[in-house]
Structure formats: C-alpha cells, structure tokens
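**Student:** Quick note, the sequences are listed as chains A and B, same order. First residue of the first sequence: 1441, per the numbering used here; consecutive thereafter. First residue of the second sequence: 1441, per the numbering used here; consecutive thereafter.
Incorrect hints may appear among the rest.
[Claimed, not checked] Rough simulated footprint, nothing fancy, chain B against chain A, three-plus residues with beta-carbon under 8 Å:
{"id": "1", "stretch": "1487-1500"}
{"id": "2", "stretch": "1566-1575"}
{"id": "3", "stretch": "1782-1795"}
{"id": "4", "stretch": "1901-1913"}
{"id": "5", "stretch": "1961-1973"}
{"id": "6", "stretch": "2020-2030"}
No lab work stands behind these hints: they were computed from the structure. In this text, a Cβ means the ideal position worked out from N, Cα and C, and glycines have one as well.
There are 2 protein chains.
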Amino acid sequence: MVLQAAAPSESLMPLPAKMTLAEGRLAIGPDFGIAITGFSDDRLRAAAARLRVRIVHQTGLPLLPQFNAAPALTIACRGAGPAVPALGEDESYTLDVTAESARLSAPTVTGALRGMATFAQLVAPGPDGYAVPALHIEDSPRFAWRGLMIDAARHWMPVGVIERNLEAMAAVKLNVFHWHLSDDQGFRVESKVFPLLHQKGSDGLFYTQDQIRHIVAFARDRGIRVVPEFDIPGHTTAWLAAYPEIGSAPGPYKIERAWGIFEPVLDPTRDETYAFLGKLFAEIIPLFPDEYFHIGGDEVVDKQWKANSRIQEFGARNNLATGHDLQAYFNKRVLQLVTRNGRKMVGWDEILRPDLPTDIVVHSWRGQASLAEGASKGYRGILSYGYYLDHLRPAAVHYANDPLSGKAASLSAAESARILGGEACMWSEYVTAENVDSRIWPRTAAIAERLWSSRDVTDPASMYTRMRAVSLNLEATGIQHRAYTARNLERLSGGVRTAELAVLANAVEANRLDLLRRRRFTSRVPLNRLVDSVPPESESIRALEETARNAASSAAARAELRAMFTRWRDNDPVLRPVLQSSFLLREVAPISENLASAGAIGLAALGYIERGEKPFAGWLDAQKAALAEIEKPCAELTLAAPRPVRMLVELAASK
Amino acid sequence: MVLQAAAPSESLMPLPAKMTLAEGRLAIGPDFGIAITGFSDDRLRAAAARLRVRIVHQTGLPLLPQFNAAPALTIACRGAGPAVPALGEDESYTLDVTAESARLSAPTVTGALRGMATFAQLVAPGPDGYAVPALHIEDSPRFAWRGLMIDAARHWMPVGVIERNLEAMAAVKLNVFHWHLSDDQGFRVESKVFPLLHQKGSDGLFYTQDQIRHIVAFARDRGIRVVPEFDIPGHTTAWLAAYPEIGSAPGPYKIERAWGIFEPVLDPTRDETYAFLGKLFAEIIPLFPDEYFHIGGDEVVDKQWKANSRIQEFGARNNLATGHDLQAYFNKRVLQLVTRNGRKMVGWDEILRPDLPTDIVVHSWRGQASLAEGASKGYRGILSYGYYLDHLRPAAVHYANDPLSGKAASLSAAESARILGGEACMWSEYVTAENVDSRIWPRTAAIAERLWSSRDVTDPASMYTRMRAVSLNLEATGIQHRAYTARNLERLSGGVRTAELAVLANAVEANRLDLLRRRRFTSRVPLNRLVDSVPPESESIRALEETARNAASSAAARAELRAMFTRWRDNDPVLRPVLQSSFLLREVAPISENLASAGAIGLAALGYIERGEKPFAGWLDAQKAALAEIEKPCAELTLAAPRPVRMLVELAASK
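Only chain A is shown next, with the shape it has when bound in the complex (with noise of 0.2 Å):
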C-alpha cells in the first residue's frame, strides 16, 4: 500500500533504459514554465503547451504563461527529425532534473516528445506540494515499432475516440497507430472516386477525408504514424454491398451484422478488380504520409472461388490450384498498386509467400515462430500474438510475451533485428465508443513497456504498482477508461445504491470463456451489461491479495481484509432488490449472493487464524470446493474474491 508520493521508479511506464536518482525535488507550482532552447518548430512548441495542460490536469494548478518567471523545464532540441514520423527515427532523449531546474535534451521533436511523456509521469504530490524528483535518465526504446490497432470496422469509433486514444499513446511512447478501417461491417472513409462505399458500406458512419487528415495530424504532432489498413481480399463484405462487380459470388451483399469468419471476397482474377483497386489507392494512400500500407489478407475464405467456375479456369490456366495461390496472385498484384503510390506493403501472416519481395512487414498473429520463418527469409515483422486487447487477457500475460521470444529467441542478430515490433491490437466486436477506452487501457501501457524498455525488465509485481500508478495519471490525457467505468456503475444501478453495485464490480473481473457464446453477438446487440462496464483484471482484488499476503505477521492486515469481507457478506442483502428489479442487473445477482459467501468463508478463516485455531478436518477442501464453485463464470464474468479468501484459507489450515 503505496501511502507516500510515489518513487519515479512506481510512476513510470514504459521504464527509461538508464535511471539515476538524486537528492531534492523540483517543486512544481502556479510558477512552473515551459522554455524551448535551441530548435524549435511549431510541432515542438505544441506539445510543449500540451504538456502545460497536462499538468494543469494532472494537479489542477492554473498554469497561465504569464506567471513563469523563470521557466522551470527548459527543452533543447538539436533538430527537427523527420517532417512526418517514420520508422526507426531517432526517438532518444536525456532528462536532467535537480531541485532548482529541469533539462530535456533530445536530437529529434520525437525525441523531445517521449521525454515529456517521461516528465508528465514524473509529476506527483510531494509532501508539502507537487514535485519531480532529481534524477537523471538517458532513455530509447528497444523496438522501433510500438503500436496499438484499433478496429473502426465492427463498431464504429468516432473522431473523439480516436484522438483521445493518440493522446494516451503518446503518454506511453507508442508510435504507431494502426487504424483497422474496412471490414466485413463497415467501409469507414469516405471515398470521392468510389462514393458507394461510405454510402452503401457505412451505415452513415465513416470518417470524411477531412477527418482523416486532422487525425494523421494529430497523431503527426504526437510523433504516431498513422498505418491504415484495408482488408482485402477477404473481410470485404462491405465493400461489395456497394460494389458487388468486384465480388467472387454474384451477390448481391449486405452489410454484416453478425461477427465471424465470412465469404464474401473479392474477385482476383479479373483486371476490373485491380482497377479499381488502383483508383481507390490513388485516391486513399496519398491520405496517408506514412511509409507503410497495410493491405490485411488475413482469414480468406476459398468457397466463393471454388464456386465460381470463371475463377476455377483462371487458376488452372495460371497455375494458381488452391485459395492459397490464388491469394498470392492477388498480393503480388496488390503489391505493384501499393507500390505505385509510394508505400510498403504489410500484411498479415498470410501473405507470405517466397515471391514477395523482402520489403514488406509480415504482422504475425500467429506468433513467434511465425515470425522467426520469415525473418529468417529476410522478412521483418512485427508480432500482434499475444496482444490481443479483445481476449481480455491479465496485464502480465501480454508483459510477459516478448517478440524476441519462444522461436525468435533463437535467431541470429541480424534476423531479430528483422523483429521490428508489435501492437497491441483492440477488435471491436465486443466494444463500443462508450467502452473502448476501458479496454484499451491501462493494458496496453504494459504492452508498451514491453515493446520499450530492456529486454530484463519483466517482474509482473513492479508493473503492477506502475501501471496502476499510470492508470490514474491517464485519466489526465482524457482518456476515459476508468469514468466510463464509474458512469456506467450509475446507469446501470439508476443511482440507487450505486456504492453497493461498486462493491460488486470491484470483485468480478470480465472473462472470455463465454467468447464462443458470444459469436451469437451482432452488431444489434447491446453493450451495456455489468460486463461491459468492469475490466478483465480487478485492481481492488489484486489489492487485496497484497494484503491477504502479509495476513498472517500483520494485525493491520487482517483488520482491512475482516472489513472488506464483512462488507461483502452485508453487501448482498442491501443491493439485492436493486438487482432483481433491473432487467440488465437481474443476471449478476448470483453472483451478488457468491460475493456474500466468499465474505463469510474469509470471516471465518481469519477467526481460525486469529485465535490460533486448527480448523476441523475436511474444512479446508470444503472451502476450497466451495470457492472454485462460486468463482465458475457468471453473466459472463468471473468473481474474483475467492483469490485473497483461499490464501486465508489455505493459511487458517496451514497452522
């Protein structure tokens, strides 16, 4: 329990390569200003502001210009980098804080831009004010490609959701903003050449090119590149509800509502396709200044292709006998349009094949060993395996899944060196814009040490403590993962007893064991249950087992586990008739009476081990029994209380 301001090294995430701390503190106040030496362009005095507002957010002191004497945090920057972020730019920087000032020296804007990321993590209240600590730290990332993906296909994510997830990633020092923009479910920008897409294939929703540009700025000013991916030839359900001539099946098509694999496809054997292929590119790519393009080619269906017996003498007379060969037609195709526009191509692990140059990136979301094939073909990649937001996995899982892990492991220097990356990838058939933030976050601030820090910094605990710590300085970026969270709890409960449903919330965690039930999801289908609102690992029971840890040396201890216990025994009564009556809380309230008996199970294991007693025999594997019967899945989450009460239990029994 962290009661004191927290040590930098409790603060920040991703960890700098090299830290040194020193004595004092550099006092932040109303006084606190910003000085930019050396280089200076308006994408570095914009972040400089930005950074000003942060901190307003972060401590609510009004920062006004005008009241900077003399600025605390000078910035010297050596040059301008890149006009727009590219792979592999120099991204280091150097920070020197002592009690009277602070230095930010940096060769690139980039740079400059990481390193105050670094120094907004850094403010924090200190005994009599808020301060950063004296340290110094030279810091660069170990992988040049740090991504999040999100997926603006299966549900819509407006501009708002977007920037303020730029805004987040920026805090973490991810550089990559992977944006999943047509799908079987949508076709998500507006196209001038080819107007049916937006028209036909959105909905109404979809991002103008206007738009786009504002948010490749944006992202630009936060030095993110911005890849944008369309899906072809497969997930294009919604491309050819506009334009079903470019299909494998005579159609005609609609927009799927439902999630899955599907079989509409596009038609690769014939010239028109690429035709229009190539208008569209020449019209999209150029919105888009970032060196890559990512093409997907992941999931094809053949039964389309198998079915059309034009497509079926195309493959024979070409040679091209399966889906497979077809598909690798149809990339190298592909290939020479995106080409054409100035762009290197990514694809998903299904584009590989030896016929494609060694340019391309290969995004493995099959894994490691995946990865270690091509970079040993000379390909790079960049690994997503294992950074699957949407399976709602724990923090340490994606920690500890290293791109140079498992094959990769064993490759050679200048084969891992072929490893660029990884992103973290949110779909969003499980998600909305009101629940995306909650997601995405503060997981991914893991994924991000991963993809920056050393290699050796891997102790789960440590992260733990620190992404907690960034999960709330997040909150000062605008990201909303953890109000949405808090609002939701209200409209749910109708503000009736909404401290009660908290306690609730606080126990359960979000699980994907009931993922393959959810395939009967739809796009129809709302988000708006107890599921949707908690996230996937619970902070306050992950609290609490520190706490049952030290239960058995700690009088202190057991007196804050007996009143979290004792309130989850009392809790159940009090909210029942609030979960009976709503329709969207009626399913949890087993899980209410479950949260009830893990109390009373760790009420009476910590009386056996406060009065020192032995428990009966056969108590310990009836409570075990017990436990693991409430902890099974629920309403499609997981009540995680049983955690810290088995570790008392399993103590009282240990006596």
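Assemble the complex: chain A is given as a structure, and chain B must be docked to it using the hints.
**Tutor:** Here is chain B on its own, set in the frame of chain A:
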C-alpha cells in the same frame, strides 16, 4: 428509495404544464427510430440525430439508423419559427406516447426541441428493457427568458466547457446563454480592430471570432439565444491593460489577478472613449445575432473619476454631480452605440435611470424589489438575485425564489408581464474549467424548473427526487458534473483509499461561510482541494435523512443507518494515514475524525431506539452539543453527517 423504474413525474424536470398518464409503455430497443413528418430543416434533422445519440448514451443501445423498420417517434413540426432563437418565440409542444408509438407535435422547431428534451428524460429502464411510459403532455414555458450566465473572464472557460453546458441547458429547456466575456481579469474575445484587447488583456486565453460563431450556431441549433456581456464602464482593468488611453487614471494597468471590486473605469467624458466603443461594437455585435446586448454596468467605483480633475470639470460643466450621474451619461451614449447596431440594451440594476427608454432590460442582482420598481416604471426585467450558483446555496433556496414573489408579487398583470424570467449566474472566481460543471449542475435544473413550470410547482421534496434523476440523466449530454467529482477524488487520493475518501466526500458539503476569507484568493490559487470537488449539497446525506425519517417504524431503515454509521466510525482509522500524508488532504483530517464521532453518536442513538430504552438525563443535550461542534466549518467544508444523526438522537430521546 426508488427501486422500480421511476414514474414519469419522477424523471421529468422541468415538469410539464399538463401531463396525463395512460396504460402501457413504448419499448425502446435497437429498432428505435425517429421520423420527421411535416416541416423539416437542418436544425430539426440535426436535433433528431442528437436525440438518437442521447438515447444511445442513456441506454447503451446501438441505434443504427438502418435498423429502424418502423419509426417509434414521429415529429410533426408545423414551421421553422424564427431563424435564430428569439425572445418570446413559441416553445410549446404536445407529446403523445402509446405502447405502439410516440408523436411529438410543435408549431416551431424550437417547440420540437423542447419536446425532444422531454422525450429523452422519459426513456428509462422498465422491467423488461428500456421504455417510455404512455402519456399525454401539453407543455409551454411560464417565462420567456430562462438563462444561464457563465463568467469566462475570472477563470477561462474553453469552448468545450461552453458546448457541454449548452447541451445540458437544452436538456432542461433553458433558452438563454449569457456569456460574460470581459472583466477586470480578462478580455476574452478576439478583436481584429483592437487586437491588443485579446493580446494584452487575456493571457492568451480568448475565443477567436470563428469560435464565437461556432458557439452561437451550436446554441442556435439547441434553441438557445446567446447574449454577450461586455461589462462597462467598471470591471474593465483588462481592457485598460491593452488601451490605457480610454481609462480614467493615468495607468499603466495590469490584468487583475485578485477577486473583488476594483477602481479602473472607462473615462465617460471623452469622445475618444465612445469612438473606441463604437468601433469595437461595430465589429463584435454582429458576431451575436441576438436582439439583446448586455453592457454590464455593475459595481462602478467612482474613485478615479473623483481623482481626475478633467472628469470633475466635465461633470460640473454638464450638471453630472455624482458618479451615478456620470454613469447615466455614459449609459445614454453607450445606448446610442448599441442601438446603432440594431440591438436592445441589457444591464445590471445600476443602469436603471428614468432617462433610459423602456425597451432596455434590467438584469437584477439586487432582487424582486428592484425588479418590481423597474416594472412599475415600464421597464422589463430579469432576475438573478437568488440564482447565484457561486453562493453554494441548496437547490431548494433557488427553487423557492420566484421572480414574481416579494415586492413583485403585487404587480399588476401588465407590470408582471414585464418580468421576463431569470438567469442562473456562474461567477467564476472559485471555479475552473475542471469543476465548473459540478457547480452549475444539477442545481441549475431546479432553477430551470422555476422558470419553465407553473407557479404552483413548488414542492422541494418532489424537486429533489427529480433533480437526482435528472442529475444522472444529464451525464448522457456530456456534462461532467459527476465524473469530475469521481476523477478528482482519485487525484486527491492518488488512487489509495479512494473508496474511503468517497465516504468522507459524500458526507461533507462545500460551504460559502468562508467566502470572505477566500477573498485573499487570486487566479494563481489552485482550486484542487476537497472543497472544490464536492457539491454544496450532499445527495447521500439527503437520502440518509429520508431513511432516518422511517427509523422509528422500519427495521430495514435502522439496518441501513447502522451500516452507514458503522462505516463512518470505522472509516477514519483507515483513511487517516492517507489524509496525513497528503499536502492537499491534511486539512480535512479533523473532518474525518468528526465523521467517526457522528457515526458513534448515531450508533448510540440507534442502540437506545432498538432497546426501547430512555437515554439518561442530559444525554440529548450532550449529543446535540457534540453534533453542533462537529458541524463547524473546516477547510471550507461543512460536515453534513450530523443532520440524520441528530434526527436519530431526537428520536431516541423522545421515547
């Protein structure tokens, strides 16, 4: 305690003029759609689209336009109404809801907007899903001028703050946004004619003319007039920091950092002053299409006029003996400038002098007597006395403050008709962009009801029930009054013991007793303490008082009280280390101790009640004395917890 879906009379605010309930409910599901029949324009279509989004936020339903098989709500509008919202326009509407469909009829788009606001408040969880109850409503406002003033001068209010407050205003049918745009502490509008006004007079914090046009259009779309205020001839230090030559003292002037009434004042005797104002008004007034223009005119200090021999000579020459005379002369000349730009003049009480024409509007901060005096002389007026949100009074106080009460109650019908309505005032000395929402809302909803609903709608208990529902509902408009409180508690606690801090925060109220002491505050003083995070009325304590009323007869009520009193008693030991270690929370440590005492006293009282035992002689007096002691303000907070405890103590002693 409302456990079932609220009856419409429990969710509507302001209450409609006429409402008849019927049997049944109109289900609101993913198929919900809106059709516009009859007159339609961009404003109406945009409002219907916003209603859909509002319902999405209230319910979490995915309302894609494509899903609407048959629209559930049809809007039949008979005409556009005025091109921009205008004083006295027809705002009436009729709403009919059956189990099958809903129909909204209105003579104007503004009327339709008001009806949509009602419809949104009616969407609530029913036993099997979201629904609107079947009913018939005929509605129109009592007063034509129903406003909210926001002071963007003392603390800067960014565009986003204004937008979300306009959205919330529309939700409670307010129709005038009074924008206080200049004062001693800032001139907040870009002027191209006199650029030093915003360059030297705003700390760089001003609205561009494009932003002003945006806000005016945003307000218009929501049926809200925008009345700008440029406060002259006093409250002009920021003007004079830029253009000292129009001042009455030699200068130089600096932007004022403190709060209070200051001496700088425009020179009313020089033609140059009017030439300046004439050019400025010609530039700025056209930005605001409303018929009314507010010149402020309050709190003029005549010290600089007295000290300036040239001004004194001018007064002697022109028979303007006093400061009041000089200001009256000034106002007449300013009136010419306002009139020349096609606007009618509004000013605070002080401007009322018999030589002004009766088409001006007097804005009264002095009260109904002042308003009545004006009305009896033929002047129209609006009331803000009793609606000052910065006074941190209970909603019930504002609610009881009728513009036609007091001296105004005895006016003739013709005179009464000159009382146009009123405005809630959010002066911003003690609010920032962060917490301003939580000072404006939900109390302004009670003022909105006072100004819209019938004179006989006065029951505070009903008002509080509905204000509580509307407070939750308002979050769906984007206003952050509740989210802010939650976020700032996390910031204060650093995420440690936030639940325990919330227990304390829910039991205290921000008080204004220390306002005089606060006068030492300036714009450099952070507003980031607990007092800045909590409302002036505790919703939790109000609920607990309701529970306490049932303590004699209900065991469940006593159990609830016991649980809460226990929590208060046990909260302090856990919270104390957090409070003592924080420079921001240290000041509230004594209140946490007092809360524990209140809990202990409440538990003792409950003990007597449950045992049916008479307390010993002197017990009652001792407990009341103890409660009075712990109620004393501390850290600008008042502990509200003693209120329900006192009820229990008195109940125990009455046995």
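**Student:** According to a criterion of three or more residues whose C-beta lies within less than 8 Å of a C-beta of chain B, is the stretch 1961-1973 of chain A covered?
**Tutor:** holds (count 7)
**Student:** Against chain B, does the stretch 1566-1575 of chain A show at least 3 residues with beta-carbon separation below 8 Å?
**Tutor:** holds (count 4)
**Student:** Count residues of the stretch 1487-1500 of chain A with a Cβ under 8 Å from any Cβ of chain B, then say if the count reaches three.
**Tutor:** holds (count 4)
**Student:** With a C-beta cutoff of 8 Å, work out whether three or more residues of the stretch 1901-1913 of chain A approach chain B closely enough for the coverage to hold.
**Tutor:** holds (count 4)
**Student:** Within the stretch 1782-1795 of chain A, is the number of residues with a Cβ closer than 8 Å to a Cβ of chain B three or more?
**Tutor:** violated (count 0)
**Student:** Please count how many residues of the stretch 2020-2030 of chain A have a CB within 8 Å of a CB from chain B and say whether that reaches 3.
**Tutor:** holds (count 4)
This entry does not satisfy hint 3, going by the numbered hints stated previously; all others are met.
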